[in-house]
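There are 2 protein chains.
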Amino acid sequence: MDKHGLKGLVFPRWAIGKFLETLPQLIEVAGGLRKADLVVRNVNLVDVAGGRVVGNVSIVAYSGFITALVSASDDKVYIGPSTMVINGGGSYAAPGFIDAHVHVETSFLRPSEFSKLALMHGTTMIVTDPHDIANAGGLKHLLAFTEEAIRQPLKVLVQVPSCVPPTRSEVDNPGYTLSVKDVEELLDSGLFHSLGEFMDYASVVNRDPEALGKIKAALLRGMLIYGHLPSPDDRVLNAYSSLGASSCHESTSLDEALGKLTHGMWVMLRFGSAWRDGEVILPGLIKGGYDLDRVILVTDDVSVMDLVEHGYMDRVVKDAVELGLDPVDAVKLVTINPATYLRLDNLVGVLAPGRLADIVLLRDLRGLEVDTVVVNGNVAYHNGQLMLRDFQETGTLTSLGLTFNIPVIRGLDDLAVRVGEDYSEALVLAIGVEYGVTVTRKVKVKVPVVNGIAAPNPDSDVAYVAVIDKYRAGGVGKGFVTGLGLRRGALAQSMGRDTHNILVIGADLGDMYTALRELERIRGGVVAVSNGEVKCRLRLSIGGLMSNEPFTKVYHEAKCLEDFLRYCGAPNPRMAPFHISILTLTVIPEVRVTPKGLVDVKSLTIINPILEVR
Amino acid sequence: MDKHGLKGLVFPRWAIGKFLETLPQLIEVAGGLRKADLVVRNVNLVDVAGGRVVGNVSIVAYSGFITALVSASDDKVYIGPSTMVINGGGSYAAPGFIDAHVHVETSFLRPSEFSKLALMHGTTMIVTDPHDIANAGGLKHLLAFTEEAIRQPLKVLVQVPSCVPPTRSEVDNPGYTLSVKDVEELLDSGLFHSLGEFMDYASVVNRDPEALGKIKAALLRGMLIYGHLPSPDDRVLNAYSSLGASSCHESTSLDEALGKLTHGMWVMLRFGSAWRDGEVILPGLIKGGYDLDRVILVTDDVSVMDLVEHGYMDRVVKDAVELGLDPVDAVKLVTINPATYLRLDNLVGVLAPGRLADIVLLRDLRGLEVDTVVVNGNVAYHNGQLMLRDFQETGTLTSLGLTFNIPVIRGLDDLAVRVGEDYSEALVLAIGVEYGVTVTRKVKVKVPVVNGIAAPNPDSDVAYVAVIDKYRAGGVGKGFVTGLGLRRGALAQSMGRDTHNILVIGADLGDMYTALRELERIRGGVVAVSNGEVKCRLRLSIGGLMSNEPFTKVYHEAKCLEDFLRYCGAPNPRMAPFHISILTLTVIPEVRVTPKGLVDVKSLTIINPILEVR
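Just so you know, the protein sequences line up as chains A and B, in that order.
Per the working numbering, the very first residue in the first sequence carries number 1; after that it's consecutive.
Per the working numbering, the very first residue in the second sequence carries number 615; after that it's consecutive.
Chain A with its partners taken away, still in its complex shape (with noise of 0.2 Å):
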C-alpha cells in the first residue's frame, strides 16, 4: 500500500531513525563535549513528571532533540557560534501539547492549513481519525489525506478508521467500506498509528464478526483501539470495555467517566468547538479528588473559527484553569497523560533528554499566550510570526473530487414531507438538539400541515431537516429538529456525518430548494440561503468536506455562515454546524436522521417522525 516509500515519512518512525543516528553525538552534548544547535535559556520548566515548575532551567537540543537540562548559569559550555539561543526571559516552557482526538475535516482545513494554526498555538501533535474523508470517498480519499498528513512539521498520527460506514445496520446509507482486510492492510502499511475509534458498539456487543475482525487486527498487531460509547448501560459498558479498546471520548457525566475509569479505560474529556462534556466533568473529577493520571483533554472537532479566534490546545489548557485545575495539572493532561497513553512518553510529552525539542513558552501559566513554539528543534512560531515554510500541499488531495449525484430531488416538493390536503396540524418526533453535547432526544412538537405539507414551524423553534443520498441517486430521509433556534433561512451541505450524504436543513422549504441547488452547482460544501437569496458559499472542494483555500480565506468564508447562523436566530452560532453535522450520525443516542429516515438509534430502526396529523 505505501508505493511511494511514505512510511519513511511518518511519527515515530522516522524520529527513531534519526534518533539512534544521532545518539552518539546527542551524548557528546549532553556531556558538554559538543556545542548545541540550540539552547532556550532562562525557562520556568513545567515539570509534567514530577508536577512541578523548576525555575531557572535551560534547555539544551541537537539536532531536534533535547539532550540537557540545566541550570541556566551553567548553559555556556553548551553555546556555540552557529547554536541558535532563544532568551526565554523566565516564561514558562512546556512541552509541545497534544490534541489525542480530532477530526482535522471538520474544521474545513486540509491538514497542511490545519497545521499551521495547531503549530501557532502551542499544539505539535494530533491524533486524527479520518472517518469523515473515508466515508466520504473510501480508500483513495483516506490515502490522499494521509499523505498530505504525514509531511507536515505538526505530527499528524493518522489512525485507521474503524467504522467505514459508521454502523453495519440497514439504517445507514454509507457510500463506501473498508472490510477488515482493507483494515489489515491499512495497519500493515506503516502509515498509521493505530484503530480509530470505534463507533459502532452495538456491532460489539452483537459480536459481530466484521467488527470483531478488525478489533482483532488491531490487538494482534499491539495497536491501540479508541474507543466510542456514549451514555452506555452497565451491560453495554463491561461488554465493550472487555474488548480492550482502550480509551473514550463520549462521557457526558462525572458519573459515566468514572464509570470508564473503573472500566479501566482511558478518559477524554472534550473542550471542542462544540462538544463542552469537559466542563461538567473536570470540575467534578477536581472536587473529588480522583485521579487524573488516565484523563486526557481533546478537542474532537474543531472549527476554523475558533482555531484563528481563540486558539487550540493553548485554549483548552485555559479552560481547564479556570475550572480549577492546577495550571500544571492542566498542562500534563494535554502532554505527558496524551503521551503515556499513545506509548510514545519517550519521545514527545516531557521536556527531558532524549526527547524531540517540541517547546512551548508561555508568557504566564493562567492566560497560557503563546510566545514562541519549537517543533522538532526548530521555532515554528515567534512573537506572532509563522516562521516554518514546510507546510505541504499535494495535489492528490487538491484533485479529489466529490460524488454528487441527486436526480430524485426535481423539485421542491421531492424534499419535504407530504401528509395530506385534510389537515391542519401535524404532531411529530422532532430530534432535540441540545448546545454543547453530542446526544440528541426525542422530543413531541407540534408543526402546521400547510398545502398538505407538514412544514417548520420557525415560532417554536422546529427546523425540518432532510437528508438525500448521494451516493445511488437513492433516498431522501425527512425529519424535524428542535433546539436549535433557527427561525429563518435554510442550509445545504455536503458534510453530514460520517457518511456525508447531502444534508439540508432549515426554517424555510423553499430556501433549502435553493440552498441544494447552489451546493450542487458549486459541487460540494455549505451554502446559506434566506428570502430566496445565496447569503454565504464555503466551497469545500476536498472531497465535499475540506476547502483548498488558505486558512485566512476559509476563515472569511465560515465567518460569513456563522454571521447568517446568528441572523437565523441560532443562540449559538458557532456550535450550530457543528451540531447540524451530526444530525446524522447513527452511533450517538437517541435520535438521527439518514436517507432512510428518521433513525432510532437503540432499536437502530426507522421511526415515522408524523405521529398524529389532524
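No wet-lab data here; the hints were simulated from the structure.
Everything hinted at is true.
From the structure, some residues in chain B lie toward chain A, with a derived Cβ separation under 10 Å:
# : residue
1 : Pro638
2 : Ala644
3 : Thr681
4 : Pro967
All figures in this text were calculated on a predicted structure; none of them were measured in a lab.
For each residue, glycine too, the CB sits at the ideal point set by N, CA and C.
Since the structure of chain A is provided, determine the placement of chain B on it from the hints.
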C-alpha cells in the same frame, strides 16, 4: 534460539492469543448471555485508575479474564451451576501486585520456588533481570533460567541482561560476555520482555560502540530499556537520560529522585531486603506534594528470610502506608503504575474488563493481610494455603553445575596482603559500607600488621575481603571493609555480584581459609566458619547462586547464616549478605574489589588498599 517453541508460554504473548480466541465469549459473559467461570462477590474494589475505593462490587471473570464489574446485588445473572463463587465478604480487592525490578537469584531460590512465595503474598507478576545467572554461566545458564521462569503461574517477565560483564573496563574479571549479536538474538527470540538495567553508564557516557549497539538493538525493536544510574552528576545524568533508558531504581535521595523524574525517567523506589532508599525518598515525595504517576515501588533484591517471615510486595505496600502514603496510592505504585510503565496496562495492573483476573483479596488496606490470591482466574492462595500445584522445575536448570577453579590459593598466605615483617601497623583504604544503601565510601582506617600481614581489625570493625577469579584460575583481589560490624568468623561464597567470582570475607584469616576450602568442597553456596569450625552451609548448586531445594529448606539454611552473622556482630544480619555480595559490583560508586584488586569506581582504575605502613 527458541528451539522448543517456548515463546508461546511467554507473557504477554499467550495472554493476547487467549484473549483474542475467547473474545466473543467474553462479550457474551459481560452481557449476561453466558455464565461466568468465577465471580468474586461483594468486595471493596481498589480502583487504581480513578484513585478511589468502590464498595459492594462483584468481579466477574471468564476463561482467566475479567469481563464485568457489577453491583454485588446484580451478580446473580452471571452465576451458573459451574461458576466458582468466592465470597469477598467486604474485603478489599486489589490488582495483583507487580515487582517491576527484582533479581530472583539473590533470593537463593530458583524461579519455581520464588513463584510460590510471590503468589502467597499477592504478587502476580515480576520483571527480572537475570544478569547474575548470565554472568555466572553465560548464555546456557541464562536460557535455562528463562525456560523455568516463563513456565510459572507467576508472570515472570525476563529481561535480556544488558551488561554481561557489568563493565567493559579492565578492572573486572568476568567469566562470560554477551555481545551485541547475542543481545540481538535474545531480543528476537520472543522469550524476553525488555533490555535489563543498563548498569554500565560509564560506557554510555563514553559512547562505547558495544554499549550503544545494545541500546540501539532494543530501541529499534521498540523495547524498553531499564536504567541504572547511581548518584550521577549533572552531565552524566543528561548524557545517560538522553539514551532513552526509561527508568532508574538507584536513587538514594529525594533530590536525586526528583532530578531523574524531571529528566524523563520513571523512578523506582527500593523497598527490598537490603536497599531501603524508598524509606528515605518516599516521605519527601509525599510531603512535597510531587506527582507519583511515574513512581514505582520495587525490591531489587529480596531475601528468602523476608519472603517467608514478612512477605513480598504486600509488605512493600504496608511499608509505604506506614510512611504516610494513602493506601490506594500505595497500591497504585505496585499495580497500575508499573503496568503502565511496562505498556501492559491493557492486560494487568487494574481490575477491569479485558484484563487478566489477577486479584488479591486483603482483609484491610493498612495491615495488608493477604487472604486470597487469584491468578489468571485461578485461586492460587487461600486462607494460608497455596492452592496451585503447577510450579514447574526444569531439569536443565537443576543440572547446571558450577565452574570452580582456584588453584592459586594453596594456603592462607595466598589470601592475605603481605606488607613486610618490619611493620606493625598499616593505614588502609577500606570499603566503607552503610547498611541500607548500595553506594560505598572510601574510608581510611588503621589495621595491625601481624607476621608481616596486614590483618583485619575486628575491634574497630575492619574486616578483610578477598576475591578470587574462579574462571581462569587467575588473580586474587584484596581489601578491607568497614561498617559491616563483623567482629569474628568468616564467610566464603560463590555469589559476588555480578561476575560471581569467589568472595571470602572475615575477621579472621584462618577462618576465611577454612571457609573457602569448604565452599570448594560443596561446590558453591555460602559457608560460615568460626574458630576453625564450619557453622553453616547454604548449598547453591545452580550456578553457585540458587538452591535446588524447596524454599522451606533454603529458609532454614539462610536462617543459620543470619544467626551466624548476628553472632559475628553484624547489627543487621539480614541485610549483611547483600552488602557482602555487592562488594564486588563495580557499577556503583565509590569503591569495590574484584580479582584485579581494589577498584575506584569513578575512574575505573585499580588502587592500592595499603596507604602507609610503619
